[in-house]
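Participant: If you want the building blocks of each chain, they are given just below.
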Amino acid sequence: MGLEEQLGQPAPITDEMVDRTSSSRYLSLHKNHDGEISLKWTPNQLMHASSQPCSANGKDIEQNWKQAIQIQMQDIIYIHLHQKDENYPSTLTFVNCEGVQSAPLQLPAGQHSLVFLTALETGLAPSLRLDPPLWAGHGKEKALPRLRKRSTASPSMMDYVFRLVRIAGNDPIPFDDIEPPSPPLETPPNTANNCISLPNSPYIMDTNVDSLINMQMGKACESMRHQILARAFYGWLTYCRHLKTIRKHLLYLVETNVVQGEEDAQPVDEEFWKKCRTEKTPELEQEFLSRVYWKGIEGSNPKELRRQAWPYLIGLFKWDENQEPKTGEFTKKYRREVDDWRVLEAEVRKRDEEAFIAARAKKFSSPVRECSIASDVFEEDNRPEELNKDEPCSSEILLTTFTTNLHRIDKDVERCDRNLFFFSNKENLESLRRVMITYVRRNLDEGYVQGMCDLLAPLLVIFEDEALTIECFSILMSRLRENFPQRTGMDECLSNLRSLIQVIDPQIFSLLSASTDCTHLYFSYRWFLLDFKRELSYDCTYKVWETIWAANRTFTPHFALFFALAIITNYRDVIIGSQMDFTDMIKFFNEMAERHDCTRLLQAARLHIKALQNFVQQLR
Amino acid sequence: MTAAPYNYSYIFKYIIIGDMGVGKSCLLHQFTEKKFLSDCPHTIGVEFGTRIIEVSGQKIKLQIWDTAGQERFRAVTRSYYRGAAGALMVYDITRRSTYNHLSSWLTDARNLTNPNTVIFLIGNKSDLEGQRDVPYEEAKAFADENGLTFLECSAKTGENVEDSFLETARKIYQNIMDGSLDLNAADTGVQPKQTLSRNSGQTPEKKDCNC
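These protein sequence lines are chains A and B, in that order.
The first sequence begins at 1 in our numbering and counts up one residue at a time.
The second sequence begins at 1 in our numbering and counts up one residue at a time.
The set of hints was computed from the structure by calculation and includes no laboratory data.
A portion of the hints provided could be inaccurate.
Example chain A residues on the side facing chain B (calculated, C-beta under 8 Å, incomplete) [said to hold, decoys possible]:
#1 R247
#2 K295
#3 D412
#4 F421
#5 Q450
#6 L476
#7 Q486
#8 R487
Per label pair, the in silico range of CB-to-CB distance [unchecked claim]:
#9 B:R110 x A:E414: 31 to 37 Å
#10 B:A185 x A:A103: 43 to 49 Å
#11 A:A361 x B:R110: 46 to 52 Å
#12 A:N44 x B:R78: 54 to 60 Å
#13 A:R572 x B:Q58: 34 to 40 Å
#14 A:A103 x B:P115: 55 to 61 Å
These stretches of chain A come out as covered by chain B in the derived footprint (C-beta under 8 Å, 3 or more residues) [unchecked claim]:
#15 341-352
#16 523-535
Glycine included, C-beta positions come from ideal geometry on N, C-alpha and C.
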């Protein structure tokens with residue numbers, strides 16, 4: 001078989017390619033009975049030699065075979081592919097379990113690397129797969145995963161890293177399509193490896209017995225037929241999955257009909273706000289939202305401006321109504337509520353003291369240890385003992401629940417943002433505690449959940465008015481509550497973020513997919529729970545929050561998702577460069593807390609929204 | 001980060017668990033930074049600390065996962081138990097309720113880690129002797145009953161903090177040496193240096209590609 005014939009025209013599924021460089025070599029893939037794939041990179045002379053009848057110089061050939069490069073794909077973890085474009089040669093490197101990498105294999109210009117990877121992907125199935133998988137292109141051909149264009153650093157060079165991933169629950173299945181050749185025949189040294197590649201492969205041609213040739217040809221053709229079908233099927237499956245991802249998760253994330261490219265908008269300042277409050281037109285409301293979304297609230301006294309504008313932005317007040325009559329009602333209601341729980345609080349304090357004194361007395365009288373450790377009660381730990389005997393009365397239950405929550409609030413308020421000047425003042429901390437208790441008393445079934453203090457604190461800092469704070473906080477919680485434990489919002493956020501990364505930055509996605517844990521994206525758990533409050537400084541939190549609120553009423557109720565995406569893509573080079581795994585990511589983002597450039601991230605998030613809007617529009 | 005040269009032989013994964021406000025994050029901070037953070041904010045989800053220590057002449061990198069304490073977050077924190085070589089279970093000696101919940105934490109720790117995971121009981125805030133609500137003897141008896149090593153510590157003064165983390169590492173190391181901890185088994189929480197495996201979720205520390 002003439003090797004040169006294959007040079008320019010590799011058949012769509014051919015497994016063999018020949019290098020055009022000075023030391024031309026022959027690349028082939030082999031699958032043995034155990035389903036193990038090996039790669040051979042053999043000098044052409046050796047190939048020519050081996051296609052001769054091998055009875056005479058069999059030993060020499062055997063010697064030569066030992067010198068050829070052979071790589072067991074089972075030992076390989078990564079495959080690197082570097083390719084400028086199809087007009088340039090590409091380089092393949094294999095990295096094994098020990099981190100040792102093979103000498104680079106140079107493939108000639110053209111689609112050889114793709115053809116090779118396609119063949120490899122098919123051969124690896126069902127026990128191993130390439131990660132990221134090859135994409136199914138428009139025709140029947142496979143395509144390399146799309147790389148995100150990078151503006152910097154060698155824009156023309158495409159670098160792919162494929163990871164070989166074992167498919168869970170799939171023990172290597174022996175390749176039984178082809179029977180081992182009948183025993184005592186003169187066969188080349190590697191007949192143990194049945195070649196699945198091509199019927200015109202030298203190893204099959206080498207066998208001298210006609211019947212065996214026919215049998216092997218038949219089997220090989222059968223095997224090819226299966227492979228072609230399988231490949232077509234998997235290509236179709238990948239394509240459908242991709243479409244499904246977009247349709248299912250991303251279509252509804254953004255509004256496409258209100259693309260207002262008002263990047264030249266001005267921020268909301270005192271003058272504009274004054275105009276808004278005098279004229280109160282719906283047009284001004286739209287402009288207000290748009291300005292906040294694009295540029296935020298700025299002015300000579302941004303805190304005062306926010307104090308006035310936020311209740312409208314959050315939706316506490318309607319655009320055309322004044323704050324005045326309502327704020328009075330809020331204050332009255334709030335005061336009543338505080339007076340109400342003060343009674344409960346006094347009772348709790350009394351019982352706590354009694355319990356402490358009793359415990360001390362017990363300790364000094366009898367050192368016998370209690371057996372209360374067997375208790376498995378968790379949430380209702382302060383339940384008085386008599387409740388177990390009698391039917392609990394509702395006021396006791398109320399007091400018990402209130403006590404548990406009060407203790408938790410006390411624990412967390414005490415340590416909430418104490419490094420902030422505002423909360424170094426005990427009065428303000430007490431104020432935070434009052435609002436928190438009042439809120440939890442209002443929503444006792446929901447109870448206090450860690451994280452609430454974080455969300456409440458910035459509002460209190462801006463408003464410095466407990467009644468106004470609790471009303472705005474209640475509105476904020478009605479949305480964020482969904483992301484708190486035991487609800488479904490967090491899972492939705494994480495899964496949407498995952499889909500977004502998949503579509504917007506496949507390279508990061510493949511890195512995340514490389515470690516199974518990472519696909520849960522738990523490093524972003526805190527982001528969504530607290531609307532990034534722990535990730536940002538207070539000033540940035542204000543900016544990001546008001547953008548989220550403005551977006552909520554204009555482009556998308558999912559701005560937080562795009563901001564999360566912006567955080568990830570902003571650090572993509574660091575993440576990819578150091579091949580971060582799950583633990584690295586958690587550590588990295590914890591360390592980056594309060595150090596992000598929020599203006600830049602906001603800008604990126606808005607661009608991501610635009611990108612998705614365009615994407616979705618095209619799809620429609 | 002991971003680009004640092006490997007100067008350790010093993011990575012041990014730890015988790016710190018216990019009720020809210022018992023001082024888990026402060027213990028971690030005291031151990032990694034040798035400082036007391038008086039108003040350490042409560043942990044949301046998990047946080048993370050590392051320190052390289054030495055046991056029997058071997059350098060070991062401790063990878064310590066600090067978890068949220070509130071019951072509501074247990075569904076999230078439980079996912080971090082898997083593959084922990086050591087679990088530090090913390091209660092507050094001045095609050096009996098935090099001690100009473102230990103059985104529940106222990107059940108989780110036993111169910112969600114492997115049988116070789118070393119569980120260490122810490123009674124924190126030993127500096128607040130005047131407010132003590134759980135006698136040392138009582139906790140010691142509980143620890144003995146359940147086969148746990150026990151120390152009272154103070155994240156504030158640093159007393160016994162170092163010992164708790166180191167003693168846990170020694171026990172893990174001992175388990176490796178006497179063969180009771182099989183390094184090839186899944187989820188042991190011990191990772192020998194530079195071992196890459198396909199499915200452990202670990203990527204190579206640094207991938208140099210000079211091709």
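Participant: Could you run down the list of hints and mark each one as holding or not?
Facilitator: How the hints compare with the structure:
Using the Cβ-Cβ criterion of 8 Å, the hint placing A:R247 at the interface with chain B is not satisfied: the shortest such distance is roughly 29 Å. Given hint, A:K295 at the interface with chain B, is violated; its Cβ is 30 Å from that chain's nearest Cβ, farther than 8 Å. The beta carbon of A:D412 is positioned within 8 Å of a beta carbon in chain B (closest approach about 5 Å), and the interface hint is therefore held. Because the smallest distance between the Cβ of A:F421 and any Cβ of chain B comes to about 13 Å, over 8 Å, the interface hint for this residue is violated.
Taking 8 Å as the C-beta cut-off, the interface hint given for A:Q450 holds, the closest approach to chain B being about 5 Å. For A:L476, the shortest C-beta to C-beta distance to chain B is roughly 16 Å, which exceeds 8 Å, and the interface hint is violated. The closest approach between the C-beta of A:Q486 and any C-beta of chain B is roughly 7 Å, which is under the 8 Å cut-off, so the hint is satisfied. For the restraint placing A:R487 at the interface with chain B, the shortest Cβ-Cβ distance is roughly 10 Å, beyond the 8 Å limit, so the hint is violated.
Taking the beta carbon of each, B:R110 and A:E414 are about 32 Å apart, inside 31 to 37 Å as hinted. A hinted range of 43 to 49 Å is violated for the C-beta pair B:A185 and A:A103, which are about 35 Å apart. Separation of A:A361 from B:R110 is about 35 Å and departs from the stated range, judged on CB atoms against 46 to 52 Å. Distance hint check: the CB atoms of A:N44 and B:R78 are about 58 Å apart, consistent with the given range 54 to 60 Å.
For A:R572 and B:Q58, the Cβ-Cβ distance of about 36 Å falls inside the hinted range of 34 to 40 Å, so the restraint holds. Separated by about 45 Å at the C-beta atoms, A:A103 and B:P115 break the suggested range of 55 to 61 Å. With 0 residues bearing a CB less than 8 Å from a CB of chain B, the stretch 341-352 of chain A misses the requirement of three and the coverage assertion fails. Counting residues of the stretch 523-535 of chain A whose CB falls under 8 Å from any CB of chain B gives 5; the rule of at least 3 is met.
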